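K.L.:
If you want the building blocks of each chain, they are given just below.
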Amino acid sequence: MLKPGITALCALLSLYVSAQAAAGDQIVIGDIDDLSGVYADVQGQGGIEAVYMAIADAGGTVLGKKVIVLSVDHQNKPDIGASKFREWSDQNGLNMLIGGSNTGVSIAMAKVAAVKKVPFFAIGAGGASLTGADCTAYTVHYAYDTTALGNGTASAIVKQGGKSWFFITADYAFGTQLQEAATRVVIANGGKVVGAVRAPLGTTDYSSFLLQAQTSGAQVLGLANAGTDFSNSLKGANEFGLTKTMTPAALLAFISDIHSLTLQTAQGLYLTTAWYWDLNDETRAFAKRFFAKMHREPTMTQAAYYSAALQYLNAVKAVGSTDSDLVMAHLKQAKINDMFTKNGYIRADGLMVHTMYVMQVKTPAESKYPWDYYKVIKVMSGEEADGSQPDPACSLAKK
Amino acid sequence: MTTVFGVPLPAILGQLMLGLVNGSFYALLSLGLAVIFGLMGVVNFAHGAFYMLGAFAAYVGLQFLGVNYWCALILAPLAVGLLGIAVERLFLRHLYQLDPLYGLLLTFGIALIFEGILRGLFGASGKSYPVPALLRGGLNLGFMVLPIYRAWVVLASLTVCGMTWFLIERTRLGAMLRAATENARLVQAFGINVPLLVMSTYGAGVGLAALAGVLAAPVVQVSPLMGTSLVIVVFAVVVIGGMGSIVGAIVSGLVLGLIEGLTKVVYPEASNIVVFVIMAVVLVWRPTGLFGKE
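As they're listed, the protein sequences go chains A and B. To convert, note that position 47 of the first sequence is 47 in my numbering; the numbers rise steadily by one, no gaps. If you want my numbering, it's the position in the second sequence, counting the first as 1, plus 1000.
Think of the hints as simulated: they come from the structure by calculation, not from any bench. Incorrect hints may have been included.
[What the hints assert, rightly or not] Which stretches of chain A does chain B cover? Using the computed rule of at least three CB atoms under 8 Å from a CB of chain B, they are:
no. : stretch
1   : 152-162
2   : 233-247
[What the hints assert, rightly or not] Just a few of them, taken from the derived set where beta-carbon distance is under 10 Å, the chain B residues facing chain A:
no. : residue
3   : 1089
4   : 1134
5   : 1142
6   : 1221
7   : 1260
8   : 1261
9   : 1263
10  : 1290
Since the model is a prediction, treat every value here as computed from it, not as a measurement. In this text, a Cβ means the ideal position worked out from N, Cα and C, and glycines have one as well.
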């Protein structure tokens, strides 16, 4: 009994020692994401795959160092995310962290980034406070934020006459920030919010909330939630006939959500996205490679995972070092040009400003081939989506 | 307009109606748990996973095998029930002599395995199951439009609950089951095959969970995680009703559904904890639950 135990222990020890020794001769990219919960389809394993694709495109080694990826499931718990980040920085020589879904977890990880001075690319999380009140010198908010979502979907719908809104909001940092962003846009465009209800994360039955929305008499049903919360609330809205009397507005929907809901349920829905697989030849080429591995089309954030890893590695190449301050300085003055976006740039507060698209989900009749789900309603410049000035709530913006 | 606590009466009635729908799900699920605990002493933490498997069985049946909703109502619980029987024979059976905690840990592990497998196969965002054509549309109740499907859920669930209660409390088979719980060796001595009885009980309890899953498939997204949050609530329902009490499970399921519905109007943020608050109060006041025996 004792012998196998000792052997295993020795093996573990030698692994640990080799990890320590190797920390200097490799570049370590970490991914902390929801790998098993309600958001696991948004990036999840597909996100990790996208990072590997970026590493391959960067040549596999950078500055003669092998690039490796660490990943862990944060289970939507901020304490797990923050402590894993700390552990990797202290023990595994982490050079750069990609943050997956959940604004709550990302805010906790941003605080660690500031202390450990490790570049932190927040991708799956939407909360605009990551480059506002919670900003740090090492945070890059890469794919989208709640401000852009509000400016996209909410403004498109208000301008089409959807003046009175009722929100169903996920009851945590992301949901409330999203509702605030959309509310600002609705009011600025002459609309009003007649009611809102905060549903706990992971609610499956939305019928009570939908009934409240129905009795409110609002024209627009604003869904300030994501993942399965979004799917379940939209599914309920269909069942209770709300979609006949109200315009549903998806403040955040990923293509994985639309795929699982099917076009029958999701048709006509407005949503805002940073990227769509069928935009142009470059996006289609990436999607084709991704599809071969994952058997589904990439979400906008999976594409952003690829782009963030690639841009980070390019910056390391350009400055000839993994020194966080040098890399961050380079990233903040360079233009970002790849299949994810054109002429994107990182603002002083850490927000990556880039083109966003307001989309409408096609009807089953309009959809010609598998995953042919969106039509472009409006292309928004980065400034239109996020404003041209850094968020004054961020201390870095004052310089 | 008449108001209660500042909320218009039609809104209250509507929420109560929806509470009744959710209560029917709770009743059906807690019934299965109560049967398994009452007759076998097993705390079946895999109940939520079997509920989820029931929904997926219906989905797979419809997508790949051409089994429609009505057949799925019979076939899915049968298939999942058989899986439950396999779990009982292979694993659970060896733990009866041990502390109930071991059964809880085992079933919890089994639930995680099933959820992991289904996530691997279908992804975390789940699948859509259409409402059967016959049950589409809504009933105008005056204060709200109730989708016909939801009315059907209440009807189906109450019927099944009633039948299960009758089977266990009023028939010869039920009497044998109850006797076997009291004194298994004595009943065995009368020539009744107790292990077979226990095995079928677990299968039936699991089948009830799967039936609830099929009923839920058209109204919620069929996802690997659909049972995870539910099983905790349903456990609280069973504890409130009294562990092992059939009537307790049914009644507390319905009542808690109603209370939860009202909470969603008055203070929605608390809607996912109200059941646990009630559980805490009940445990302090009556540790054996509302219908439990000393």
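K.L.:
Would the hint on residue 1134 (chain B) be counted as holding, given a Cβ-Cβ threshold of 10 Å to chain A?
P.N.:
Because about 15 Å separates residue 1134 (chain B) from the closest Cβ in chain A, which is outside the 10 Å limit, the hint is violated.
K.L.:
Does residue 1263 (chain B) hold up as a contact with chain A if the rule is Cβ-Cβ below 10 Å?
P.N.:
Residue 1263 (chain B) check passes; min Cβ-Cβ to chain A is 9 Å, inside 10 Å.
K.L.:
Tell me if the interface restraint on residue 1089 (chain B) is satisfied: Cβ within less than 10 Å of some Cβ in chain A.
P.N.:
29 Å, violated
K.L.:
Checking C-beta pairs, does the stretch 233-247 of chain A have three or more residues closer than 8 Å to chain B?
P.N.:
holds (count 5)
K.L.:
Take the stretch 152-162 of chain A, compare each residue's beta carbon with every beta carbon of chain B, and decide whether three or more fall closer than 8 Å.
P.N.:
It is violated: at least three residues are needed, and the stretch 152-162 of chain A offers just 0 whose Cβ sits closer than 8 Å to chain B.
K.L.:
Close enough to count: is the Cβ of residue 1261 (chain B) nearer than 10 Å to one in chain A?
P.N.:
6 Å, holds
K.L.:
Can we keep the residue 1260 (chain B) interface hint, with Cβ of chain A closer than 10 Å?
P.N.:
8 Å, holds
K.L.:
Does residue 1221 (chain B) pass the interface hint, meaning its C-beta sits closer than 10 Å to a C-beta of chain A?
P.N.:
5 Å, holds
K.L.:
Any CB of chain A closer than 10 Å to the CB of residue 1142 (chain B)?
P.N.:
Hint on residue 1142 (chain B): violated, closest Cβ of chain A at ~13 Å, above 10 Å.
K.L.:
With chain A as the partner, please determine if residue 1290 (chain B) meets the hint condition of a C-beta pair closer than 10 Å.
P.N.:
Cβ of residue 1290 (chain B) sits 24 Å from chain A, so the hint is violated.
The structure fails hints 1, 3, 4, 5 and 10 (numbered hints given earlier, in ascending order).
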